[in-house]
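K.L.:
This is what each chain is made of:
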Amino acid sequence: MVVYEPLPKLRDGKPLMAYIRQAQYKKLDPTGEKLKMIERSNPERLRAGDVVSVFYKNQKPVIGAILMVKRSGVASAILLRNKVAGLGVEVNVPIFNPNVMRIDILRRPDTYRSRNRHYYIRNSRLDVKEVKL
Amino acid sequence: MIFLKSMLRVVDNSGAELVECIKVLGKKPTNHANIGDKVVVVVQNAKSLNQHLTGASASNRVKRGDICRAVIVRTKSPTLRSDGSVIRFDDNACVLINQKDEPIGTRVNGVVARELRRKNFGKVVSLAPRVV
Amino acid sequence: MSSLVFKRLSSSAILTGLSKRQLVSPMAIPLIESEAPLPFKSPEARRQRKRLLDRPGLIGVKRGMTQFYARDGTRVPATVLEIDQLEVIYNKTLEKEGYYAVQLGYGYKLKNQTKSMLGHFRNAKVSPKECLYEFQVKSEQGLLPLGTELKADHFKPGQKVDIISKSKGKGFAGVMKRWNFSGLPASHGTSLAHRSAGSTGMNTTPARVLPGKKMAGHLGDELNTIFNLEVLDVNAEKGYILVKGCVSGSIGSYVRIRDALKEYGSHILQDKKTGK
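Chains as they are written, first to last, in our numbering: chain G, 1 to 133; chain A, 1001 to 1132; chain V, 2001 to 2276.
Hints may contain errors.
Said to hold, decoys possible - Below, in silico cross-link-like pairs of lysine-lysine (DSS-like), each with a Cα-Cα straight-line distance of 30 Å or less: (1) 1027(A) x 1100(A); (2) 2273(V) x 26(G); (3) 1047(A) x 83(G).
Claimed, not checked - Covered, in the sense of this in silico footprint (three residues per stretch, anywhere, with C-beta under 8 Å from a C-beta of chain G), are these stretches of chain V: (4) 2059-2068; (5) 2073-2081; (6) 2084-2092; (7) 2113-2119; (8) 2122-2133; (9) 2236-2247.
As the list claims (entries may be wrong) - Simulated restraints on C-beta separations: (10) 1026(A) x 2111(V): 58 to 66 Å; (11) 2109(V) x 22(G): 24 to 32 Å; (12) 57(G) x 2172(V): 50 to 58 Å; (13) 2055(V) x 55(G): 46 to 54 Å; (14) 1102(A) x 132(G): 44 to 52 Å; (15) 2245(V) x 44(G): 53 to 61 Å; (16) 57(G) x 1122(A): 19 to 27 Å; (17) 1005(A) x 112(G): 36 to 44 Å; (18) 133(G) x 2131(V): 31 to 39 Å; (19) 2193(V) x 1005(A): 25 to 33 Å; (20) 2109(V) x 1026(A): 52 to 60 Å; (21) 133(G) x 1026(A): 35 to 43 Å.
These are calculated hints, taken from the structure and not from any lab test.
Beta carbons are placed, not taken as given, at the ideal position from N, Cα and C, and that holds for glycine.
Construct the complete structure from the given sequences, taking the supplied hints into account.
P.N.:
Given below as structure tokens:
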């Protein structure tokens, strides 16, 4: 029985999702700055407890203390908490959004707390203080 | 997510302090309100009338037991924005409005969400000292 | 019979030069042959009533989900569909099979192929395939030469597509999961029947359960079509399509992608009337 040769596989047969991930990083984060900010191997990475300000292309900056860093590819996000006139306001910022220009660290704590997700400080005596630019 | 019987803080100078939601308008079948949605409320706590420091005229003031409309300006439950960010506040708050969707009071205290502008409550946004 | 007589009358009037109002005996006119109308339930009449597309679609594989940022920064969920080693295997024609269709094959698989299938692939001069599907097209112009390789740039970003795939199997499911019934009360004497369906019908009349009654049974693992999904991104070189939103089925399942039928499809009968 005659059997014809198959067509060559695209991408040399490498998995598609791995390629998509790389392509998205290349498009959304050409300098690699944002990815480095959340990499665990980086000692200067963003951590829960840091006070940061996020600068946008099209809106005012968002300021607050980081409650948690969610690492999940291009869906990675940081949760910021701040007090505005005594009222707690939380904003979850997807850091790979093309409108996010840069993230500046305003202040780091002297000693970090022993958890990576600081949900428990909400409305307790450990809660964040009001931060302004 | 504001339901029937939810208690809301009032952040204007209409005189009301605490109101209870008795109807969510135009949200069937889910029947819960988010930021920018209209509800019908009943006033549970109101400031006494001799407190005229706020500057609102007496005709605009509401009393305990009054039924009026309100627009939600802050919620505890997270609100998703089109750019993927999520915002939540530490309390549920509203501003009292009349039948023409204009605020009853002349001032708005505290922070309100940006979503109100897109839902044609630009006046509430312009009165508010901070918009997030 | 009445319509036949009417036809004879109208055509005979022109033949004999008489005005249409004049009464003519049907028996006085010589027989004129007219085409027999198609039976309503015949396959050909069904084909002409059906909404069809001008060109075939593609076969893809669902590879997972991700997120896509539009130019203005809005974020939308996206499904990644892989398109690789996709070739035309066979063309079905009106003369032989009764309708026009393009049969496509995806991937490469030699194991457990029967001799008859190997012969089928040899005729098109393509390698043995994992997965075969056919796409019905409107006319002969939609058919493609055998062995043509189809790539992801078949579709364009911004257009709408329908995606047909098998949903995830859920096994034997009760009525609450399968049909969203409310179940029975939690208390007030309900005994061991909190998730049951309740009554299934009436009493002595009709003394049976009516056909189509929603009951417990197998849920999922059936073909599901999601209409009018937007194509966000296309890359023929790397072999993928990104569509907005989600697609039925598990990761690794085969999907059929076609131009949105409700937007781009049309009926053969309607085309004849409008003179397309």
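K.L.:
None of the hints should be skipped; say for each whether it holds.
P.N.:
Here is what the structure says about each hint:
1. 1027(A) x 1100(A): Satisfied, since the Cα-Cα distance of roughly 19 Å is no more than 30 Å.
2. 2273(V) x 26(G): It is violated: about 52 Å lies between the C-alpha atoms, which goes past 30 Å.
3. 1047(A) x 83(G): Distance ~26 Å between residue 1047(A) and residue 83(G) Cα, so the pair holds.
4. 2059-2068: holds (count 4)
5. 2073-2081: It holds: at least three residues are needed, and the region 2073-2081 of chain V offers 3 whose Cβ sits within less than 8 Å of chain G.
6. 2084-2092: That given contact holds, which follows from 3 residues of the region 2084-2092 of chain V lying within Cβ reach (below 8 Å) of chain G.
7. 2113-2119: holds (count 3)
8. 2122-2133: Holds: 5 residues of the region 2122-2133 of chain V have a Cβ under 8 Å from chain G.
9. 2236-2247: holds (count 4)
10. 1026(A) x 2111(V): 58 to 66 Å: holds, 59 Å
11. 2109(V) x 22(G): 24 to 32 Å: Holds, since residue 2109(V) and residue 22(G) (Cβ atoms, about 28 Å apart) stay within the stated range.
12. 57(G) x 2172(V): 50 to 58 Å: At 53 Å between Cβs, range holds.
13. 2055(V) x 55(G): 46 to 54 Å: holds, 48 Å
14. 1102(A) x 132(G): 44 to 52 Å: At 32 Å between Cβs, range violated.
15. 2245(V) x 44(G): 53 to 61 Å: With a Cβ separation near 38 Å, residue 2245(V) and residue 44(G) fall outside 53 to 61 Å, so the hint is violated.
16. 57(G) x 1122(A): 19 to 27 Å: At 23 Å between Cβs, range holds.
17. 1005(A) x 112(G): 36 to 44 Å: Between residue 1005(A) and residue 112(G), where Cβ atoms are some 42 Å apart, the hint holds.
18. 133(G) x 2131(V): 31 to 39 Å: violated, 57 Å
19. 2193(V) x 1005(A): 25 to 33 Å: holds, 32 Å
20. 2109(V) x 1026(A): 52 to 60 Å: holds, 55 Å
21. 133(G) x 1026(A): 35 to 43 Å: holds, 39 Å
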